[in-house]
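Following the hints, complete the assembly by docking chain W onto the known chain F.
Listed in order, the protein sequences are those of chains F and W. Note that the first sequence covers residues 64 to 141 in my numbering. Note that the second sequence covers residues 3 to 553 in my numbering.
Check each hint, because a few of them may be wrong.
Stated by the list, open to error - Now the in silico label distances, taken between C-beta atoms and shown as ranges: (1) F73/F with D122/W: 34 to 42 Å; (2) S357/W with S110/F: 34 to 42 Å; (3) K154/W with A98/F: 52 to 60 Å; (4) S110/F with R172/W: 51 to 59 Å; (5) V106/F with N433/W: 55 to 63 Å; (6) P551/W with F124/F: 51 to 59 Å; (7) G78/F with S143/W: 47 to 55 Å; (8) I225/W with I117/F: 13 to 21 Å; (9) D119/W with I81/F: 26 to 34 Å; (10) F25/W with V106/F: 22 to 30 Å; (11) F73/F with F25/W: 32 to 40 Å; (12) G123/F with G130/W: 47 to 55 Å.
To be verified - No farther apart than 30 Å at their CA atoms in a straight line, the calculated lysine-lysine pairs in the DSBU-like style are these: (13) K222/W with K120/F; (14) K120/W with K54/W; (15) K118/W with K154/W; (16) K97/F with K222/W; (17) K87/W with K108/F; (18) K232/W with K120/F; (19) K261/W with K235/W; (20) K361/W with K94/F; (21) K432/W with K361/W.
Stated by the list, open to error - Far from chain W, some chain F residues (derived; all Cβ distances over 12 Å): (22) M64; (23) G66; (24) L67; (25) I68; (26) I69; (27) G78; (28) I79; (29) N87; (30) K104; (31) K120; (32) Y122.
Keep in mind the hints are simulated off the structure, nothing from the lab. Because the structure is a prediction, the values reported are computed rather than measured. C-beta atoms are modelled at their ideal positions from N, C-alpha and C, and glycine is treated no differently.
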Amino acid sequence: MTGLIIANLFVVISGIVISDEINNFEQKTDKLHKANLTLEKEVAKLSSLNFAQIQAKEYGFENASAPQYIDQLKFAHR
Amino acid sequence: MKIKFVFLLFIAFYLTIIVRLFFLQVLSSSDNKSPYLKTNKLYPIRGRIYDKNNQSLVLNQNSYQLYVEPKIVKDKDMLINSLSKSLEVEEASISTKLDMTKYWVSIAGGLTQEQKDKVDKLNLKGIGFDYQTKRFFPEASLSAHVIGFLGKDDQGEDIGRLGLEGFYDRDLRGLSGFVETERDILGRPILIGVQQRVEAEDGRDLILTIDKNVQEISKKRLIEGLEKYKAKKGCVITANPKTMAIVALVCLPDYDLEKYYEFDENFYKNLAISDLYEPGSVFKPLIVAAALEEKKIKPNDTYNETGQVAVGKYNIKTWNDKYEGKISMTRILEKSSNVGMVYIGEKLGKNNIYSYMKKFGFGKNTGIDLEGEAGGYLKLVPDWYPIDYATVTFGQGIAITPIQMIRAFASIINGGYLMKPYLVQKIISKNKTTEIKPKIERRLFSQMTSDIIRKMLVSTVENAEAKWDRPKGFKIGGKTGTAQIPIKGVYDVSKTIASFIGFAPADNPKFLTFVVLYEPQSSQWGSETAAPLFFQIAKDLIVYYNISPGQ
Chain F
64 MTGLIIANLF
74 VVISGIVISD
84 EINNFEQKTD
94 KLHKANLTLE
104 KEVAKLSSLN
114 FAQIQAKEYG
124 FENASAPQYI
134 DQLKFAHR
Chain W
3 MKIKFVFLLF
13 IAFYLTIIVR
23 LFFLQVLSSS
33 DNKSPYLKTN
43 KLYPIRGRIY
53 DKNNQSLVLN
63 QNSYQLYVEP
73 KIVKDKDMLI
83 NSLSKSLEVE
93 EASISTKLDM
103 TKYWVSIAGG
113 LTQEQKDKVD
123 KLNLKGIGFD
133 YQTKRFFPEA
143 SLSAHVIGFL
153 GKDDQGEDIG
163 RLGLEGFYDR
173 DLRGLSGFVE
183 TERDILGRPI
193 LIGVQQRVEA
203 EDGRDLILTI
213 DKNVQEISKK
223 RLIEGLEKYK
233 AKKGCVITAN
243 PKTMAIVALV
253 CLPDYDLEKY
263 YEFDENFYKN
273 LAISDLYEPG
283 SVFKPLIVAA
293 ALEEKKIKPN
303 DTYNETGQVA
313 VGKYNIKTWN
323 DKYEGKISMT
333 RILEKSSNVG
343 MVYIGEKLGK
353 NNIYSYMKKF
363 GFGKNTGIDL
373 EGEAGGYLKL
383 VPDWYPIDYA
393 TVTFGQGIAI
403 TPIQMIRAFA
413 SIINGGYLMK
423 PYLVQKIISK
433 NKTTEIKPKI
443 ERRLFSQMTS
453 DIIRKMLVST
463 VENAEAKWDR
473 PKGFKIGGKT
483 GTAQIPIKGV
493 YDVSKTIASF
503 IGFAPADNPK
513 FLTFVVLYEP
523 QSSQWGSETA
533 APLFFQIAKD
543 LIVYYNISPG
553 Q
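Isolated chain F, as found in the complex:
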């Protein structure tokens, strides 16, 4: 009889502990999911053309220079 009561108590307490852990993991998963979305957004912002334009302006690369092409080569230079 005492054994049964102890076993019962053990099962109930274990159940509570495991439930707590599940709850904890659920909260962490949720937090990670939200953090993932936030980070994805930040990365996208940093690789956007808009951000590149702001940076280019800051570093003075605003005006693209016209490329100079060499004439088509007729023979190989040594």
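This is chain W only, laid out in the frame that chain F set:
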């Protein structure tokens, strides 16, 4: 006696409990679930949209809906004042929503994490947040018409409207799941209770053929063009002519994707796929290609351009009413001679003209993967008057969309293949990647016809009557167009649609770009408005694609 009374009292007490339990567990078991049993819907994450280089165009972001439970609120004025300051909205706006007779009232949706944290710090009683996700656009409204937006259906659920969001809504939205679990009073799962979980399936991601850099170039140049030429609206479409993969598609005016609901619905219309117009002279190369293919003309055949041509009671003339005498078929394109085109049309024949209109797919949707496409209408043979066969040779009297025009034009320069235009090249789900390959609808021209028409179009650019600031050393082919706009059955000469369609490098085209400007005011001619804009874009693309001169 006392013992009997207590005994009966206990009997009555237990009977009451038994009856109540019987009522709850047997009679009401089907509609009353355990108060501990919680069922939550698991929302899928909507698919993301990337450009061809895997750069993000549409993502999801955390968002919160702020609600108030008025029955718990003690100081209404203090609550309104605090929320107003924290969210930076008018007090009146919150006050109107806050109905104290209700149990639950939504105050604001779409709050960011930062806004939520700010409100959280106020420690207000009777408020709460519901978690949601909403769309995030790293490139803002760079591709508004291509992307579309999320609206609400009858049940208040998100639904994609227009553009890719509308066309690929079923792929993007994913499938909802649910979790049914018995929880104790602290919200912890009861392990011996009901535990059932069906995972949500997230939406599929789309990888586009759009290149956001080309899109940016196109939009920037189109904005400049609309201002410079004082045009009402305009479009730039750039495609790979071999596959009809759309690399850029911009139409202006457009709308703000974040605040689409603040715009009139006219702004939602994607002119490139849903606006029917008469194309004008950009149409001429299609008829010339058909005549070459049917061996009715050769590039060096001559036509004696002596003056106006009468078709029934109408007189057809050149744009400047000047005539050069004997001219080649190539010269007809170079000087965009309407009378010359009527001659080519006569050589081609009415049946062939109509047959090619059908083969080009006019009057039907191209099948582009964007919601909102209009196919137009191709008149049946009995409805064609002799004048229609004459005017269609120079692109008047037929209504098509810009996307139909660029597709038909691609077929004459890519070896003769009419391709299905498309914007999505990959659909990625958790376990599978589906690649969408270019689709040939049919072959209309031989390689030889295609090679000849490309050379004629290069000559058209090099010997056109207008001189443009072209990128030096590069072979570019193209054609101008100036179409008059019919208003109540009469052409208004002051209102035109100016266009230019061109490709480079001419021998092996890397890009085909179509520029359309609606009602330009600085000049009505395509050669003075759309063409310079095209060459500006072409210069940028030549640098971007690293195309060397001489190609």
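Structure-based check of each hint:
At roughly 40 Å, the beta carbons of F73/F and D122/W sit within the given window of 34 to 42 Å. Checked against the hint of 34 to 42 Å, the pair S357/W and S110/F fails, with Cβ atoms roughly 50 Å apart. Between K154/W and A98/F the CB atoms are about 28 Å apart, so this pair departs from the stated range of 52 to 60 Å. Between S110/F and R172/W the Cβ separation comes to about 29 Å, which falls outside the hinted range of 51 to 59 Å.
At roughly 25 Å, the beta carbons of V106/F and N433/W sit outside the given window of 55 to 63 Å. For the pair P551/W and F124/F, the supplied restraint of 51 to 59 Å is violated, since their beta-carbon distance comes to about 25 Å. Between G78/F and S143/W the CB atoms are about 53 Å apart, so this pair conforms to the stated range of 47 to 55 Å. The beta-carbon spacing between I225/W and I117/F, approximately 18 Å, falls within the hinted interval of 13 to 21 Å.
For the pair D119/W and I81/F, the beta carbons lie near 32 Å from each other, so the given range of 26 to 34 Å is met. At about 58 Å, the beta-carbon gap between F25/W and V106/F misses the expected band of 22 to 30 Å. Our hint of 32 to 40 Å for F73/F and F25/W holds, since their Cβ atoms are close to 36 Å apart. Taken as a hint, the range 47 to 55 Å holds for the pair G123/F and G130/W, whose Cβ atoms sit roughly 50 Å apart.
Among the hinted pairs, K222/W with K120/F is consistent with the structure: their alpha-carbon atoms are about 16 Å apart, no more than 30 Å. Our distance criterion of 30 Å between C-alpha atoms is broken by K120/W and K54/W, whose separation comes to about 38 Å. Simply put, K118/W and K154/W have alpha-carbon atoms about 24 Å apart, close enough for the 30 Å limit, and the pair holds. For the proposed pair K97/F and K222/W, the alpha carbon gap of about 35 Å is over 30 Å, so the pair is violated.
Distance restraint check for K87/W and K108/F: the Cα-Cα separation of roughly 28 Å lies within the 30 Å cut-off, and the hinted pair is therefore satisfied. For the given pair, K232/W sits about 28 Å from K120/F by alpha-carbon distance, which is consistent with the 30 Å threshold. Straight-line distance between C-alpha atoms of K261/W and K235/W comes to about 21 Å, which keeps the hinted pair within the 30 Å bound. Of the supplied pair hints, the one linking K361/W and K94/F is violated, its CA atoms being roughly 57 Å apart against a limit of 30 Å.
At roughly 40 Å between alpha-carbon atoms, K432/W and K361/W are farther apart than 30 Å, so this suggested pair is violated. The beta carbon of M64/F sits about 22 Å from the closest Cβ of chain W, which is more than 12 Å, so the claim that it is off the interface holds. With 12 Å as the threshold on Cβ separation, the claim that G66/F sits away from chain W holds: the shortest Cβ distance comes to roughly 20 Å. For L67/F, the condition that its CB be more than 12 Å from all CB atoms of chain W holds, with the nearest at approximately 17 Å.
Remark: the non-interface label on I68/F is consistent with the geometry, its nearest Cβ contact in chain W lying 18 Å away (cut-off 12 Å). No Cβ of chain W comes within 12 Å of the Cβ of I69/F; the nearest lies about 18 Å off, and the non-interface call holds. Not every C-beta of chain W lies more than 12 Å from that of G78/F, the closest at about 5 Å, which undercuts listing it as non-interface. The beta carbon of I79/F is not kept farther than 12 Å from every beta carbon of chain W, the shortest such distance being approximately 7 Å.
Listed as outside the interface, N87/F is inconsistent with that label: its C-beta sits roughly 10 Å from the nearest C-beta of chain W, within the 12 Å cut-off. In this structure K104/F is not separated from chain W by more than 12 Å, as the shortest Cβ-Cβ distance comes to only about 5 Å. At roughly 15 Å from the closest C-beta of chain W, the C-beta of K120/F stays outside 12 Å, upholding its exclusion from the interface. Under the 12 Å C-beta cut-off, the non-interface status given to Y122/F relative to chain W holds; the minimum distance is some 19 Å.
Hints 2, 3, 4, 5, 6, 10, 14, 16, 20, 21, 27, 28, 29 and 30 from the earlier list are contradicted by this structure; the remaining hints agree with it.
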